[in-house]
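Enquirer: Could you put together the complete structure from these sequences and hints?
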Amino acid sequence: MTDIPLLSLAIWVPILGGLLVLATGSDRNAPMARMLALAVAVAGFVVTIPLYTGFDTTTSAMQFVELTSWVPRFNINYHLGVDGLSVFFVILNAFITILVVIAGWQVIQSKVAQYMAAFLVMSGLMNGIFSALDGILFYVFFEASLIPLYLIIGIWGGANRVYAAIKFFLYTLLGSLLMLLALLYLFMQSGGSFSILDWHQLPLPIEPQILIFLAFLIAFGVKVPMWPVHTWLPDAHVEAPTGGSVVLAAIGLKLGAYGFLRFSLPIVPDAAHQLAPLVITLSLIAVVYIGFVALVQADMKKLVAYSSISHMGFVTLGFFMFNPLGVEGALVQMISHGFVSGAMFLCIGVLYDRMHSRQIADYGGVVHTMPKFAAFFMLFAMANSGLPATSGFVGEFMVVLGAVKYNFWIGFIAATTLILGAAYSLWMYKRVVFGKVANKHVAALEDINGREFAFLAILAFCVLAMGLYPFPFTEVMHASVNELLRHVAVSKL
Amino acid sequence: MNFVVPDFYPAAAEIFVAVMTLVIMLASTFARSIARNLSYLLTQATLILAAFITIFTMDGEVVYTFSNLFISDLMGDFLKLMIYFSTAIALLYGRGYLEDRKIDKPEYYILALLMTLGMMVMVTANHMLPMYIGLEMMSLALYTMVAFDRDSPRSTEAAMKYFVLGALASGLLLYGMSMVYGGSGTLEFSGIAQALHGQTANTTVLMFGLVFLVAGISFKLGVVPFHMWVPDVYQGAPTAVTLVIATAPKLAAFAMAVRLLIWALFDLAQEWQMMLMLVAGASIVLGNLAAIAQQNIKRMLAYSGISHMGFVLLGLLAGVVEGDRQFALNAYSSAMFYAVSYVIMSLASFGMVILLSRAGFEAENIDDFKGLNKRSPWYALMMLFVMFSMAGVPFFIGFFAKLSVLQAVVAAGYFWLAVLAVIMSVIGAFYYLRVVKLMYFDEPVDAAPIRAPAEVRVMLSANGLAIAGLGLMPQMLMSVCAYAMLASM
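Respectively, the protein sequence lines represent chains V and X.
For the first sequence, position 143 (counting from the first letter as 1) is numbered 143 according to the numbering used here, and the numbering increases by one without interruption.
For the second sequence, position 384 (counting from the first letter as 1) is numbered 384 according to the numbering used here, and the numbering increases by one without interruption.
The hints are simulated quantities; they were obtained by calculation from the structure and are not laboratory data.
Incorrect hints may appear among the rest.
[To be verified] Looking from chain X toward chain V, a few residues come up when the C-beta cut is under 7 Å (computed):
(1) 270
(2) 393
(3) 394
(4) 407
(5) 410
(6) 411
(7) 416
(8) 418
(9) 422
(10) 429
(11) 433
(12) 437
(13) 440
(14) 478
(15) 479
What you are looking at is a predicted structure, and each value in this text was computed from that prediction instead of being measured.
For each residue, glycine too, the CB sits at the ideal point set by N, CA and C.
Expert: Set out below in C-alpha cells:
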C-alpha cells in the first residue's frame, strides 16, 4: 500500500483544478479553459486508477483509509476510505467527468470557464460522497454537490430551467435535512461519534430504527429517485445541458442508491427488514409504472429520464432482496446504468446539437445521413433494454434471479422490465433512426466528428466489455457484499 | 458605608471609548474643514484600539467591579471584540453610501461610537441598572441614525416607528425589572440567582417579571411576536444604517438574553425555555414564510434575520432538560456561535446591497441583483456564498451554525422542534435560491459598472471568503465560543 492519499487527491484535484479553471475568467480565454479543464479531468482520473490496481479484493475492510480530525468540537473527522461497494463509483465518476468535458467542448460557448469549473468541482464533491466515512463529512459533500448542479441546470439549461433547478434543489434539500436529524440522533446515541463504521455496530431499539430508516428513505429516495418523489428528475434532465444530464444520470442517481448500502441497510438492519415490503413495492411501481410512462414520452430526453427511474427501481429492488445476487446485481446495474444512460444522453446531445430538437416526431431516417452514429445509438439502445452481451443485461439478470429467489412473483413482475425496456428503447430508436428521411433538416445532418466518435467508442467499449466479462467488477465487490449481507442478517435490537 | 475606589482596570475599554467619543466630538467641532474624514478615521482608530485594550486586559478570570455593577469575563470580552469588529466593518462599508447621499456628517460616527459604548455596557452589565442604561444608550443612538437621512420621509417614518416601539419595549423591560426586584430584593444578577437558589425569592412575582423581560429581549432580538418593527426599519433606514442595526446590536441583545436569563434567572430555566420555544418556533416559521413574499431585498433580509434569531433562541432553550444541566454549556455556546456566524453573514449581505447602490440609486429590490454574474462574476460568487451560507448549505459557516444548534436541540430531546426548524429551512432555502437564480440565470437589467473604494472591495471579498473559509475550518471559532462560555459560567 502506498502512502499517497489517493482519495484526497481524487477529491481535491478536480475541486482545486476547477477553481483554477474558474480563474481563467472571461470567454476570451475559453480555449485555455477547455484545455485546462481536460487536463484536470484526466489528472483526476489518473489518480483514481491506483484505487483499482491497488485494491485488495480479499477483504471487506475499508481501504486507502485517511483519518484526520476536522472539527474536534463535535468529533467530526476527515475520514475517507473505500470498499468494494464504493470504489467503482469513484473511478466511474472520474471517468465520466472526462467525457463531460469533451462533450461540452464546442456546444458550450458562453461562460466556458464557469461551466467547466462547475463540473470539475462537482466531480470532486461526488468523489467525497463515495469515500466519506464520517456522517457529517458525507452530508457536507452530499449537500455541497447540489450547488454546482443547481448552477449548471439553471445557467446552461433549456427554456424551463429555473423551475427545474429550484425544484431539484428543494426536493433534495428536504430529504437531506431530514437525514441530518437522523445523523444527529445517531451521534447522540453512539455517545458522540459521527463515524459511519461505529454506527454500523450501534445497537438500537426498533422504533428509532424505523424513524431513522424513514429519514434515510426520504433523503436517498429523493436522490435515487424512487416513485413517488421522482418528478424532479425528468424536469431536471430535460432542462439540463447534455453534460449535466450525463453526470446526473451516471453519478447523481447513484448517490442515493449508494446511501442505502452505506447507511440504511447496515445501520438500521431490523427496520430495513421490516420495511422491505414498502421499498420493494415502491421499486416495483417504479419498474412497471414508470416503464409505461417512458413508453409514451414524445421527448427523447424525457424518455431516457423515465427509463433511468425505472432502472434505478431495479437497483433498490435488488438491495432489498437481501441476497448476494440481488445486491451484486444491483451494483452492477448501477455501474452499467452509469455507462448506458450517460451514452444515451450523449447520443441525444449529438442529435440536439445539430437539430435543436429533442422531439421524436422531428426525426426519422437518421440512419441515412448519420450511419456511424446510428450504429452507436443502436448499441446503447440495446444495452438500455438489457440485451445479453451488453452491460445492461448482467445487472438486470442478476437482480431478477435474486428476486425470484426471494419471491417468485416479485421476480416475475420485475422481469417485465426486460420487455418494457425493449419496448420503449427500441420503439424510440425505430422512430428516430429508421424509416424515410423525415424532413430537410434530417437530410442535412452531418455524421459524428472525430471527437464525438471518440467518446461514443470509449463508452461502447465499456458497455460491451462489462457485458461480456463482468468478472473484474463483481470480483471487487464480492467480499464487501458478503460482509454487508452477513451484517444485515444480524439483528441489532 | 465607606467609599471604595473601584477598580477601573477591567473597564478600560469602555472608558477609552467614552473618552474618545468626547474627543471626536470636540475635534470635529474645532476642525470643521476636515471633520468628516477626521471623525471617520478617529472612529475606526478608536474601535481598533479598543479591541487591543480588550485583548490586553483579558485574563480569563471573572472579575467584578464598580460595586458588582460590572462584570468582566471571557464571554463579554469575546462579544465586545465581535462588536468592535462588526461595527468597524459596517462603518467601512457604509461610508461611500453616506457620502453619495451627502449624509456623512461627523455626528454619524459619534453616534456609532455611542452605540458601541452602549452595547459594551450591556455586554458587561451585572446589574439591571447598567443593563438598562446600556440598552437605552444603544437604542437612542440607533433611533437617531435611522433618521439620519432627515429629508427622506421613509427613513423618518422608520425612525419614528422604531422609537415608539422601542420605547414600549423598554417600558416592558423596565416593568419586568421592577417585578424581579420586587420578587428577589435585588437588581444584581448574581444576587437574583442566589435569591432564587436559596429559595428566598418570591417565584410568582419573578415569573411575572420574567414574562416582561422575555418580551423586552424578544423585541431587541427582533423575534416574533415583537418583530413588527424589523422589516419596516430595515427597509426605511439608509442601507448603511440597516447594516449597523442588523449586525452588532444582535450580539448585544444576545448578551442581554444570556445575562438576564442565564446569569440571573437560571433557576427559572424551565419556564423561560417554554416561552422561548414558542418565540423561536414562531420566528422560524414566520420569518421564512414572510421572506418568500418580499420584493425588497432589505425586507427579505429582515425576515430572514427574524428566522435566524429564532435559531439563536433554539440554542438558548436547549440548555436545561428536566432539571439536567449537562447540556447547558454546549447549547449556549452553540447559540453564541450561531449569533456570531449570523453577524458575519449579515455584514456581507448588506455589504453587497451597498456595493450595488450608488448616488441616486438604491439597489434595494431583489431584481437589482439580476445578472450580477455578467456584471461582476467575483461579487456574484461572494453573494452566492452568503446566500448558500444563510440557507445552511455546506461548506459554509451557516451550515455549521445550524448543525451546532440543531445538535443541541436534538440532544435536549426536542425532536419536533428540530423537524420544524428543518422543514422551515427548506422553505427558507427557496428565497435564498431565488437571489442566486437572479444573479446567475437572468440577464442584467442594469449595466452600470460596479464602483466601490478599494478598501470596500477588499473587505467585502475578505468577508465573503471568510464565510467559506470558516465553513471549511469551523473549529477555531466554535472552540473560542465554547471556551468563552466555559470560562464565564
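Enquirer: Output the numbers, in ascending order, of every earlier hint that fails for this structure.
Expert: The structure conflicts with hints 1, 7, although it agrees with all the remaining ones.
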